[in-house]
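Engineer: Chain by chain, the residues:
2 protein chains.
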Amino acid sequence: MQEVKDSFHKHVWDLQDLICSELRKVDPEIQMTEDLWERKDFAGNEGGGGRTRAFEGPLIENAGVNTSLVYGEVSPEFASKLKGKSTKMWATGISLIIHPRNPRVPTVHANFRMIENGGQVWFGGGADLTPYYPLEEDFIHFHNVWKKACSPYGVYNDFKKTCDNYFVNKHRDGEMRGIGGIFYDHYFSGDLEKDSKFGVDLSNYFIESYFPIVEKRMKEEWTPEDEEFQLHRRGRYVEFNLLHDRGTSFGLKTNGRTDSILISLPKRCKFTYKYQPGVGSPHEKMMEYYRPKDWV
Amino acid sequence: MQEVKDSFHKHVWDLQDLICSELRKVDPEIQMTEDLWERKDFAGNEGGGGRTRAFEGPLIENAGVNTSLVYGEVSPEFASKLKGKSTKMWATGISLIIHPRNPRVPTVHANFRMIENGGQVWFGGGADLTPYYPLEEDFIHFHNVWKKACSPYGVYNDFKKTCDNYFVNKHRDGEMRGIGGIFYDHYFSGDLEKDSKFGVDLSNYFIESYFPIVEKRMKEEWTPEDEEFQLHRRGRYVEFNLLHDRGTSFGLKTNGRTDSILISLPKRCKFTYKYQPGVGSPHEKMMEYYRPKDWV
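Heads up: the sequence lines are chains A and B, in that order.
If you count the first sequence from 1, you need to add 191 to reach this note's numbering.
If you count the second sequence from 1, you need to add 191 to reach this note's numbering.
Pulled out of the complex, with its shape left as it was, chain A reads as follows (with noise of 0.2 Å):
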């Protein structure tokens, strides 16, 4: 068990650095802020910690690429609410969202973590993006590469779904926060050492699944008309990581570290009272899109 602990462990520290090394790659002039940070367990004793990495820049907006280590005791009312039931825990993940300055280039938001409880592990996580302008043929490549990242194991129509079910600003007539991807939660195959694998492959898609888009989109002319839209969904993003996220409300009620947490907020956005985008837009297109759909 702690090998496969140690060994998932070191790869999202690992996978980590290589997303910050695209974020650096497509941008540049990007700047980053690195905070590490410890935690104090339940009964007061080293809980672990995290490594969060912030970044502005001009093509990315702002960033956030996070992993933590955390364990020790959690609550007796925490506990009851776990898998395993015991109020001994350990999980460690990266946790990551992108949100470009161009709104051609879509927003992206991607976990992946494993936790071990009272005897019981399990892996969870996945990965879903939030466009902001009609151009299928990424839309499709996203949801390919996730598709072929899940295939070897035949979790991909499941995982899908879970996903387009998830996402959804249910106060907003069950309208998707962006197209989905894959979300799980509570995978465990009876295998731990493929499992620990399954999690490590899935992860290993994320740059592919996203970097190809930012490359080729991020030099785009936009319109005003555009990043008008890009915030008012940027808007939406906010009300369903506030209102809905598990892991958002989780992490704040956990007494979990803010600005760490909420780092998932983009950097600009808009509230308009009964938005309509124009009629004939792009814009307008892309609000079928915020429905299930199968891409692939």
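One or more hints might be untrue.
[To be verified] Below, simulated DSSO-like cross-link-like pairs (lysine-lysine); rule was C-alpha separation at most 27 Å, straight line:
1) B:Lys361 <-> B:Lys231
2) A:Lys476 <-> B:Lys458
3) A:Lys272 <-> B:Lys272
I should point out that these hints are in silico values taken from the structure, not numbers from a laboratory.
Given the structure of chain A, go ahead and fit chain B onto it with the hints provided.
Structural biologist: Relative to chain A, chain B alone:
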């Protein structure tokens, strides 16, 4: 009873008109969108509705001044949480939020409501100010008016404290949304007519508490740093409303009209990782005031 309900209902509708004309007076080019909406109750019968008025103007960036009258059946689950425990409810109220463009002019929020359930009646509401620049005399003016309004009823200290405790971003180390005001709920003294007059009296102080500040400050020049700080604090406003505000969560969970509820959000805002105001700046000074303080 019916007479008191009718008269409170008429009062909030009239007050809505008065406040809307104040908005037009300070910002003559302001544009208003009025939406009359109807709701069905839990049993599918006619259940009242509301009058939403959304504003956008050169000086008042966005504002919402809403009234509603809701009645009929509520779900048994919801009824069990009500003071009167009955599935029959009646409620009316006014709710408003004003986000001026100029960072020297504070944001304000207020609401005044009357509720009847299971033979019990109670009143609730309040008003609170969210300034972005340390103009202490304005804060004193606001609190002074509310002290004057509450004093005949002997409730000022209580309502002021409740407000300080309510509008708090718990996930931000107890930082308040603004500088407080008054807040109260489940108010009932045993004398219905007196209480109704109390609710009406308080609400009539709103214009005096806020608009003199707008008139005094709206033509002041501001700096880009003032605006950055304002946008940052508006981000904190969004965090409070979506993460903590009971009214927002109640409205969205009971299938309220989403656009009317989320009219409270500012048109533009910013989220910045580990935002810090400039050392020695007025904004650093302002940060000290987002904590409970005796202003009068």
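Engineer: Is the Cα-Cα distance between B:Lys361 and B:Lys231 27 Å or less?
Structural biologist: Violated, because 35 Å separates the two Cα atoms, which is more than 27 Å.
Engineer: Is it true that the CA of A:Lys272 sits at most 27 Å from the CA of B:Lys272?
Structural biologist: holds, 24 Å
Engineer: A:Lys476 and B:Lys458: Cα distance at most 27 Å?
Structural biologist: holds, 24 Å
In summary, the one numbered hint that this structure violates is 1.
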